[in-house]
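Take the sequences, apply the hints, and build the full model.
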Amino acid sequence: MTAGTLAPAAPRGSLTMAVSAFRFWLVNYRRTWRGTIYSSVLNPVLYLGAMGLGLGTLVDKHGMSRLGGVSYIAFLAPGLLAAAAMQTAMGESTYPVFGSVKWLKTYQAAVATPLRPADLFHGHLLFTTMRLIMNMSVFLATMALFGAVRSWWALATVPVGVLTGLAFAAPIEAFAMTREKEQSFSVLFRFGMIPLFLFSGTFFPVTQLPEWIRPVAYITPLWHGVALCRALSLGTAGLAGSAVHVAYLAALALAGLIAGQRTYRRRLYV
Amino acid sequence: MSQAPGSVTGVLDLDVLIHAKALTKRFGEFTAVDGISFELRRGEAFGFLGPNGAGKSSTMRMIGCVSPRSGGELSILGMDPVQDGPAIRARLGVVPQEDTLDVELTVRENLLIYGRYFGLPKSVIAERTARLLEFVQLAERAGDQVEPLSGGMKRRLTIARSLINEPEVMLLDEPTTGLDPQARHVVWDRLFRLKQQGVTLVLTTHYMDEAEQLCDRLVVMDGGKIVAEGSPRELIEAYSTPEVLELRFRLSEHDLAAEKVADAPAERIEVLADRILLYVGNGDAALAAVRGLGLEPLTSLVRRSTLEDVFLRLTGRRLEDG
Ligand SMILES: Nc1ncnc2c1ncn2[C@@H]1O[C@H](COP(=O)(O)OP(=O)(O)OP(=O)(O)O)[C@@H](O)[C@H]1O
Ligand SMILES: [Mg+2]
Numbered sequence: 000m001t002a003g004t005l006a007p008a009a010p011r012g013s014l015t016m017a018v019s020a021f022r023f024w025l026v027n028y029r030r031t032w033r034g035t036i037y038s039s040v041l042n043p044v045l046y047l048g049a050m051g052l053g054l055g056t057l058v059d060k061h062g063m064s065r066l067g068g069v070s071y072i073a074f075l076a077p078g079l080l081a082a083a084a085m086q087t088a089m090g091e092s093t094y095p096v097f098g099s100v101k102w103l104k105t106y107q108a109a110v111a112t113p114l115r116p117a118d119l120f121h122g123h124l125l126f127t128t129m130r131l132i133m134n135m136s137v138f139l140a141t142m143a144l145f146g147a148v149r150s151w152w153a154l155a156t157v158p159v160g161v162l163t164g165l166a167f168a169a170p171i172e173a174f175a176m177t178r179e180k181e182q183s184f185s186v187l188f189r190f191g192m193i194p195l196f197l198f199s200g201t202f203f204p205v206t207q208l209p210e211w212i213r214p215v216a217y218i219t220p221l222w223h224g225v226a227l228c229r230a231l232s233l234g235t236a237g238l239a240g241s242a243v244h245v246a247y248l249a250a251l252a253l254a255g256l257i258a259g260q261r262t263y264r265r266r267l268y269v
Numbered sequence: 000m001s002q003a004p005g006s007v008t009g010v011l012d013l014d015v016l017i018h019a020k021a022l023t024k025r026f027g028e029f030t031a032v033d034g035i036s037f038e039l040r041r042g043e044a045f046g047f048l049g050p051n052g053a054g055k056s057s058t059m060r061m062i063g064c065v066s067p068r069s070g071g072e073l074s075i076l077g078m079d080p081v082q083d084g085p086a087i088r089a090r091l092g093v094v095p096q097e098d099t100l101d102v103e104l105t106v107r108e109n110l111l112i113y114g115r116y117f118g119l120p121k122s123v124i125a126e127r128t129a130r131l132l133e134f135v136q137l138a139e140r141a142g143d144q145v146e147p148l149s150g151g152m153k154r155r156l157t158i159a160r161s162l163i164n165e166p167e168v169m170l171l172d173e174p175t176t177g178l179d180p181q182a183r184h185v186v187w188d189r190l191f192r193l194k195q196q197g198v199t200l201v202l203t204t205h206y207m208d209e210a211e212q213l214c215d216r217l218v219v220m221d222g223g224k225i226v227a228e229g230s231p232r233e234l235i236e237a238y239s240t241p242e243v244l245e246l247r248f249r250l251s252e253h254d255l256a257a258e259k260v261a262d263a264p265a266e267r268i269e270v271l272a273d274r275i276l277l278y279v280g281n282g283d284a285a286l287a288a289v290r291g292l293g294l295e296p297l298t299s300l301v302r303r304s305t306l307e308d309v310f311l312r313l314t315g316r317r318l319e320d321g
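The listed protein sequences derive, respectively, from chains A and B. According to numbering that gives the first Met the number 0, the residues represented by the first sequence are 0 to 269, in order. According to numbering that gives the first Met the number 0, the residues represented by the second sequence are 0 to 321, in order.
Hints in this document: simulated from the structure, not taken from any laboratory. Since we're looking at a predicted model, the values are computed, not measured. Glycine included, every Cβ here is placed at the ideal spot set by N, Cα and C. Heads up, a few of these hints could be off.
Said to hold, decoys possible - Facing chain A, from chain B, some residues (calculated, C-beta under 10 Å):
1) Phe-26
2) Gly-84
3) Ala-86
4) Ala-89
5) Leu-100
6) Leu-104
7) Asn-109
8) Arg-115
9) Tyr-116
10) Leu-297
What the hints assert, rightly or not - Chain B residues, not near chain A, derived (Cβ > 12 Å throughout):
11) Val-15
12) Trp-187
13) Met-207
14) Asp-208
15) Glu-233
Printed below as a string of structure tokens:
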């Protein structure tokens with residue numbers, strides 16, 4: 000503990016710092032992963048079983064033309080995958096982040112070290128990405144087991160699901176850093192997540208909605224995720240359409256990234 | 000640890016670790032730190048003494064590079080906290096006023112995570128963890144969760160955690176507030192050892208005995224300003240008398256006695272709610288003089304002046320009144 004034995008280390012790069020912050024979540028996750036695996040596996044099995052097979056039998060009896068000639072489960076499954084990405088992202092980017100600054104104060108501890116607020120933000124986004132990759136992979140595998148995959152392009156639903164998740168995670172995490180009360184999040188879930196889940200084309204084509212309201216669906220990020228995942232899974236994805244979806248989702252994620260760097264700094268450097 | 004002279008801006012003395020001039024912190028309209036200036040040299044133990052709301056933590060957070068200053072100059076280890084925050088923090092050890100331990104993790108995991116933040120390899124962290132937990136007497140609790148630890152243990156763990164990067168400067172914000180006397184003495188002892196090992200200590204406290212025990216030099220803060228500066232001895236000599244005579248009277252006689260005692264030969268008299276303090280050169284002689292005035296106190300006590308008296312003199316308030 001003699002003073003000065005530590006030669007000033009070369010400044011570490013942003014990525015290394017973000018990885019240090021990511022490790023924190025990893026150590027935490029080592030204690031909680033069992034619970035999350037349970038929900039990651041159970042969620043797709045239950046939804047695909049009940050809605051895909053159960054409801055699907057009824058829907059398919061009415062003819063498949065409205066669904067583009069595919070079975071309901073093949074239509075539904077990729078939509079649910081995108082919705083699961085949203086759910087995972089929102090779960091990770093609200094309470095855990097808010098708790099770190101408000102309850103546990105682990106973020107305040109971390110900024111006393113060489114890490115900067117932005118490093119903490121990036122580190123948590125890395126962790127969210129990891130969780131998304133895990134959940135998307137499990138979801139896709141379950142889809143395959145249910146026979147709900149129509150094309151090899153379905154493999155691309157994993158990265159697209161991750162991107163969809165990040166289009167939610169980054170802006171919401173930026174928002175979470177500005178909150179003083181956790182109630183903000185129940186509002187977000189009730190009036191944000193649930194309507195999106197129901198009306199972004201997950202369960203039925205948006206074209207079933209009245210014409211005047213469709214544009215609202217088209218600007219929601221979930222619709223872009225759902226549409227692209229579905230096109231990939233059914234093997235009907237076109238280059239131009241896919242590019243628009245990807246660009247839209249990436250733009251949202253990027254906007255969230257920029258906003259979050261700011262809100263993290265403002266919250267932690269007071 | 001040697002600084003290239005060229006990188007030192009405005010500070011010529013390489014032993015000056017922290018240099019602040021007219022340092023100011025505002026929260027909106029409110030000025031929490033109001034243009035304070037001080038210098039801190041390598042190896043010294045420097046204290047900020049002051050009541051609640053004096054601006055001690057705000058100052059510490061600026062030094063810790065987690066709170067941008069609103070005005071004035073601040074250089075730490077020859078660097079600017081705004082430009083070089085990560086490089087400065089890499090060489091600081093911070094014990095914040097409020098514990099920020101991860102109570103869901105174990106004692107050892109807390110040090111592991113923290114060490115990782117400094118970019119230390121696992122093997123180095125493991126070796127230091129063993130040594131540091133020994134140092135703060137928590138070796139047996141290494142594998143335990145932090146949550147159920149006592150306040151004193153958590154404080155010691157926070158100190159151990161702040162040492163994981165072998166810092167040159169430690170920032171201790173009220174290191175012993177809320178601890179029982181025995182736990183405080185353990186902490187004092189550890190801090191004293193660190194100081195002997197050459198670590199520069201910067202601490203805040205509202206305990207005068209803590210300041211007297213640990214600080215070579217201190218500043219008294221009140222309302223965001225520095226109202227006095229010096230070693231504990233210098234401050235006592237400058238702002239108080241060698242001895243203090245404390246008198247207690249029956250509550251019914253307190254006010255009358257306060258009037259009468261004004262005739263006693265004292266350099267200064269402070270009338271508190273429950274006591275009367277006479278600042279004098281010789282306490283016993285003063286007591287005899289008080290009795291000569293026909294006053295018979297319920298209890299009397301002659302003691303040496305402390306920083307508490309300095310504080311009372313400077314601010315008109317007692318420290319614990321805040
Ligand atoms: N983030 C903040 N926003 C607004 N005001 C603040 C903030 N932090 C501190 N203050 C105010 O600044 C003043 C100084 O606070 P500070 O925490 O520096 O005092 P202190 O000397 O550490 O007090 P204590 O002994 O209670 O810890 C207080 O009046 C406090 O309310
Ligand atoms: Mg304080």
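How the hints compare with the structure:
no.	hint	in the structure
1	Phe-26	8 Å, holds
2	Gly-84	7 Å, holds
3	Ala-86	6 Å, holds
4	Ala-89	5 Å, holds
5	Leu-100	7 Å, holds
6	Leu-104	7 Å, holds
7	Asn-109	9 Å, holds
8	Arg-115	5 Å, holds
9	Tyr-116	4 Å, holds
10	Leu-297	48 Å, violated
11	Val-15	15 Å, holds
12	Trp-187	17 Å, holds
13	Met-207	27 Å, holds
14	Asp-208	25 Å, holds
15	Glu-233	25 Å, holds
In this structure, only the earlier hint numbered 10 is contradicted, and the remaining ones agree with it.
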